[in-house]
Amino acid sequence: MYNRRETKYPMPVQDPLVRNHNFKEVALGYDAETAVCEAERCLSCKNRPCVKGCPVSVAIPEFIAKIAEGDFEAAYRIISESSSLPAVCGRVCPQERQCEGNCIRGIKGEPVAIGRLERFAADMHYAGAGAIERPISNGHRVAVVGSGPAGLACAGDLAKMGYDVTVFEALHAAGGVLSYGIPEFRLPKEIVKREVENLIAMGVKLCTDSVIGRLYSVEELRTELGFEAVFLGTGAGLPRFLGIRGENLKGVFSANEYLTRANLMRAYEEDSETPIYHAKRVAVLGGGNVAMDAARTAKRLGAEVTIVYRRGMEELPARKEEILHAREEGVELRLLTNPVELLGDAEGNVCAVECVEMELGAPDESGRRRPVKKVGSEFRLEADCVILALGTSPNPLLQRTTAGLETKPHGEISADGDGKTSLEGVFAGGDAVTGSATVILAMGAGRRAARAIDAYISSAHR
Amino acid sequence: MIELEAPRIAQKALAGQFIILRVDERGERIPLTVAGTDVERGTVAVIFQVVGGTTAKLNAKREGEFLADFVGPLGNPTEVEGVKRAIVVGGGVGCAIALPVAKRLYALGAEVHTVVGFRSRELVILEEEFRALSSTLTLTTDDGSAGEKGNVCGPLKRLLDGGEYDAVYAIGPLLMMKYVAATTRPYGVKTIASMNPIMIDGTGMCGCCRVTVDGVTRFACVDGPDFDAQKVDFDEAILRNRSYLPAEQRAREKSCRLFRKEES
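Protein chains in written order, with the numbering used here: chain A, 1 to 462; chain B, 1001 to 1264.
Since the hints were derived computationally from the structure, they do not count as laboratory data.
Do not take every clue at face value.
Said to hold, decoys possible - Below, in silico cross-link-like pairs of lysine-lysine (DSBU-like), each with a Cα-Cα straight-line distance of 35 Å or less:
{"no.": "1", "chain 1": "A", "residue 1": "420", "chain 2": "B", "residue 2": "1012"}
{"no.": "2", "chain 1": "B", "residue 1": "1057", "chain 2": "A", "residue 2": "24"}
{"no.": "3", "chain 1": "A", "residue 1": "52", "chain 2": "A", "residue 2": "373"}
Unchecked claim - Residues of chain B placed beyond 12 Å of chain A at every Cβ, according to the derived structure:
{"no.": "4", "residue": "1036"}
{"no.": "5", "residue": "1041"}
{"no.": "6", "residue": "1085"}
{"no.": "7", "residue": "1109"}
{"no.": "8", "residue": "1135"}
{"no.": "9", "residue": "1160"}
{"no.": "10", "residue": "1166"}
Stated by the list, open to error - With the Cβ distance kept under 10 Å, some of the chain A side facing chain B (calculated, not the full set):
{"no.": "11", "residue": "170"}
{"no.": "12", "residue": "247"}
{"no.": "13", "residue": "260"}
{"no.": "14", "residue": "273"}
{"no.": "15", "residue": "275"}
{"no.": "16", "residue": "396"}
{"no.": "17", "residue": "454"}
Beta carbons are placed, not taken as given, at the ideal position from N, Cα and C, and that holds for glycine.
So here's chain B without its partners, still in its complex pose (with noise of 0.2 Å):
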């Protein structure tokens, strides 16, 4: 996680929303979702995973340090108004963005159930933050490290089956959406999905972040990035996020040999 000064950014951003950046001059143009905001501070607040060189080059920034380009907030903000008893799901990394949608949702006074899942207990994140706002909280981990073992399809049925919510939010791996999704079918429940497709200039014009939703192509940047998780094609999503691996393995490694050099 990594909190930047933009204080206009802080004044507009609303949870759902992302921002663009590139490192420095030669770099890539990268999307990450709003995890926070402080307004008073001006600051903004994105939480990424080492994937590629570009968080590889971000992951080595230190306090005090300055990032070529920053612009958002960029997407529409998720949708919660009427919401009076929620789920929000959150997987992995997705947590520190479920947390932001958790909050507006406790802030306009609805009741929030959350469940979170990661791999193992080294993982996770943000427990504490997410229990002080959710009527109840359940932790899953894979291998049964913390909470309850398995994925948080489990613990998300329970609470179905226990009674009536008007939304359920699903912020994670296109995977975890996907069953999240398969899971609420039944029960006719809302259920909104918060996509992060490869992007380039998150305003509607590449074209690189379509999404096939109801059979149709719609834009994450300028439609979403949340839609109908019962009218996502996941499979599809899945495959064209892994477009570049390669390249994204390269620069990695590339980026990772940079930083022993520098380092020795």
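If we strip away everything but chain A, and leave its shape as in the complex, we get (with noise of 0.2 Å):
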């Protein structure tokens, strides 16, 4: 018999008010006892359709199972299965597009909460966990570049697997976009950290301030440092621009460069030594999860906010739990909106975005109906910060500097499903191929790149 109520427990979080003025985590997490009333939601469908929502089949219904027993650690056990990064992943995922999207309990009110359930699940699992066993060395080397979500998660297997990883990071933090770019209110930076010191004691080394591709070539840590297969988790961090005029001025920023203020170099703190825009009024163009990071990290640094977004609500690419909290907080939106042009004042600050409303037209290639200009609707959205977030592409340095490694127009780098690359021994996987896509992605790109490169090696040795 399942638990009939139509809605999810609601998630205990901090009060909008209060937590607009600080960047603590927002949801508090379920308690064991309102986990094991969500998990009996569950119907434990036989088809399983939530499992085919999931970009790397965690065994759903089962781990859920697990939870309404109140064995959590084989809940734990069962993600684990699938996911490296379930604590993570269970904050991240835009589960509303994947698995909860599929859930049939959400024909008839809302799905399960298979989210908020994984990370519980990951949650207990950390809050009890012992030391990490140290696998036994096979006694091959592999380097990993990059220590965001696809890198930490192939050099994780790896490890299990014998390999003797070493992981380069260009920055002086680990983590890739789960430290500099997503902010401290939505994923604790701790639980980061907990997953970066779980490979190191597993045996994995982390070399940090390591920019490969100037420090070493991607032939150099094959030739001269002695690595058997590299796998370049780059990621894509190369922000885009609109184009249009005013770009330049003094107080506008990619939200790559905000949130990295924000979030690595810890600008938010009275003692970092970073500098930030305090600003008085902030307008963020764009409207996926980046775009709600930065105007929630704008508002707790004490600003008014809006985000100007051209196409409409239902059209909105960011997660809807971001979209409800960043209004909760006070974060104004202005859709169907867009910037034409940023204007500045004589000292060259930025003072205002000309924008211009618009209405939907007919569907375009994506399905997706195409925004058109109303006549004479034109206004200025008075700002003095204008963060940039259209979307990334991927890092160009590795590509630029590796000869032969092949690349598609926008600079992904080309790799079949296990990762292969055009480059004997060299991998590649998460949003350095696909272009900036989600976590999980990443995640299960990694994954399935420490299989490939396992499958190189041994097959080199027979």
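Since each chain sits alone in its own frame, please combine them into the complex, following the hints.
In structure tokens, the structure reads:
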């Protein structure tokens, strides 16, 4: 018999008007009792539509059944078979477009809160986790370039198989987008740190401040340093700009710059030496998760914040929960509004966004209705800071400095389903291959590449 | 000028490239151009002017101490291939970065003519080092306290009037590079400016270092830091470099107070 409640058990959260002044995590997580009740809402469908919606096919009904039984550690083990970063994915996956979007309970009422349950199982596991066992080394050495979701997942799986793995990270801290991009209030850095510490406990070596393509070429990793295979998980962090007038005025930032200052450099803390703009009125251009993150960060730094997005509510690409949280915190949304130009004052500081209202016309190639300008609807939105969250392209450095590494027109590394690139012994995965996508897809790609690297090295020594 | 032990960077860095450093765990990341390397000793030299809190703290470091982070080499090396006859123009502290470029040209067999400009006599650096490799060297100071009175453009124009050059390298304050570009324009000689914008990651991720070149947004960290000086929008670059001026001043005053406290 299942729990007939039609809505998800609410997630306990910090009060919106308190949390929009602090950087602590917004969602506090289910307690054991709530988690069990929520798990009992699952019908354990035979055809498992939720699993079909999961990019890495986590055995969802099975782990939920374990939570319902009260065996939380078993639930964690089931998730771990398919996912290396459950504490992260439970928090940042767009569940409504994946597992939860397919849930039968969602037809009449709300789907089962699969993401919250995943997070619960992972948090419970870590709360009681013992020491990590160090696998027995097989003596083979692999280099992983980049310590974001793809790199961490690849390194973790290889380490478990006994490989001697070294992770090279360009920044001074590991985690990639989990560290520099996603804010503390959505993904506490403590979680990222723990994932990295677990890898180190398994024997993975971490070299921060190491820009591959400059300090060592991919070729030198193989020849000079003697790695038998290399995994490239260098991500997509190159920010796109609009190409409109005024984009280089002072006070105009890419979301990556703004968030890197806030997250990685912790510019919101009093004693951080990294400066950040403390603006009065911030306009964020874009509608994805990054736009929401930037808007909510600006709000926490004391600004009035408006998100400007050219399509409608239905088209907003951000996770539903982030949109909801942003609005609760007092972030204003101006939908169907397109920025035309950024205006500056005499000193070259941005002071306003010239906008035009849009209406939805016929669907375009992507199937989304194309926004068209409403004649005569131009207006000015005052802003002393403008943040551009318009998407990112693959980081260009490795692609440009590695001879023979084939890429696609937008700079994505060409790789097959196993991550094999045009270079012998060189594999790639995550946003560097797909362009900016999700944590879970990158994690899945890292794990597939780990298996392919294992097969590659094993066959070479047969 | 400080020297840091970083053997691999020393081995790989070429003239025109830069590093990013953090002084300590709470510190900001700042880019500094490589002023020289010693492969045998495994050291990298960087030069800086005290402008904000970080450079003030860096200035207070003593021999044998450590920095939290030292990342590099970043950016593309200065293009010197095929250059037989060149003018190197250095301004102020920029001379320390111009020197490795001049050295590299000289080592590759090019004829190097140097123009270095400073505000006044007390600020003159590296004159002998430049002289050792230059076919001609002209020193200028704004106040005339050493060398020729005025800026670098006068002597530069005289050189250009006197012969053909393959390239002019301008390394120094943005305003100086802007005027160098204006001076060389009528001569049609390839002129390269070494840009030094504000940066965070230095690997193409933040876009903070964007520079408009020929109407297109380029990133100094991965596309530069050298660009065709005739195509750089210097006025915009000058404005952008002032983005954190008030914050820099506050930080400098704060760290000055700290140092004074430590001394007393």
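Each hint tested on the structure:
1. Taken as a hint, the residue 420/A and residue 1012/B pair is honoured in the structure, with Cα atoms around 28 Å apart against an allowance of 35 Å.
2. At most 35 Å may separate the alpha-carbon atoms for a hinted pair to count; residue 1057/B and residue 24/A meet this at roughly 31 Å.
3. For the given pair, residue 52/A sits about 39 Å from residue 373/A by alpha-carbon distance, which is inconsistent with the 35 Å threshold.
4. A cut-off of 12 Å between C-beta atoms confirms that residue 1036/B is not in contact with chain A; the least separation is 18 Å.
5. Its beta-carbon lying about 18 Å from the closest one in chain A, residue 1041/B satisfies the requirement of being farther than 12 Å from that chain.
6. The beta carbon of residue 1085/B sits about 30 Å from the closest Cβ of chain A, which is more than 12 Å, so the claim that it is off the interface holds.
7. The non-interface label for residue 1109/B is consistent with chain A: the shortest C-beta to C-beta separation is roughly 27 Å, beyond 12 Å.
8. Its beta-carbon lying about 33 Å from the closest one in chain A, residue 1135/B satisfies the requirement of being farther than 12 Å from that chain.
9. Distance check on residue 1160/B: its Cβ is at least 31 Å (rounded) from any Cβ of chain A, clearing the 12 Å threshold; non-interface status holds.
10. With a least CB separation of 25 Å from chain A, residue 1166/B remains clear of the 12 Å interface cut-off, as annotated.
11. The interface hint given for residue 170/A is met, as the beta carbon of that residue sits about 5 Å from the closest beta carbon of chain B, less than 10 Å.
12. Look at residue 247/A: its Cβ gets to within about 7 Å of chain B, closer than 10 Å, so that hint holds up.
13. At a threshold of 10 Å, the smallest CB-CB gap from residue 260/A to chain B is about 5 Å, leaving the interface hint in force.
14. At about 5 Å, the closest approach between the beta carbon of residue 273/A and any beta carbon in chain B falls short of 10 Å, and the interface hint on this residue holds.
15. Among the interface hints, the one on residue 275/A holds; its C-beta lies about 4 Å from the nearest C-beta in chain B, closer than the 10 Å criterion.
16. Interface restraint check: residue 396/A against chain B, minimum CB-CB distance 5 Å, threshold 10 Å, status holds.
17. Annotation: interface hint on residue 454/A violated; nearest CB of chain B at approximately 29 Å, more than 10 Å.
The structure fails hints 3, 17 (numbered hints given earlier, in ascending order).
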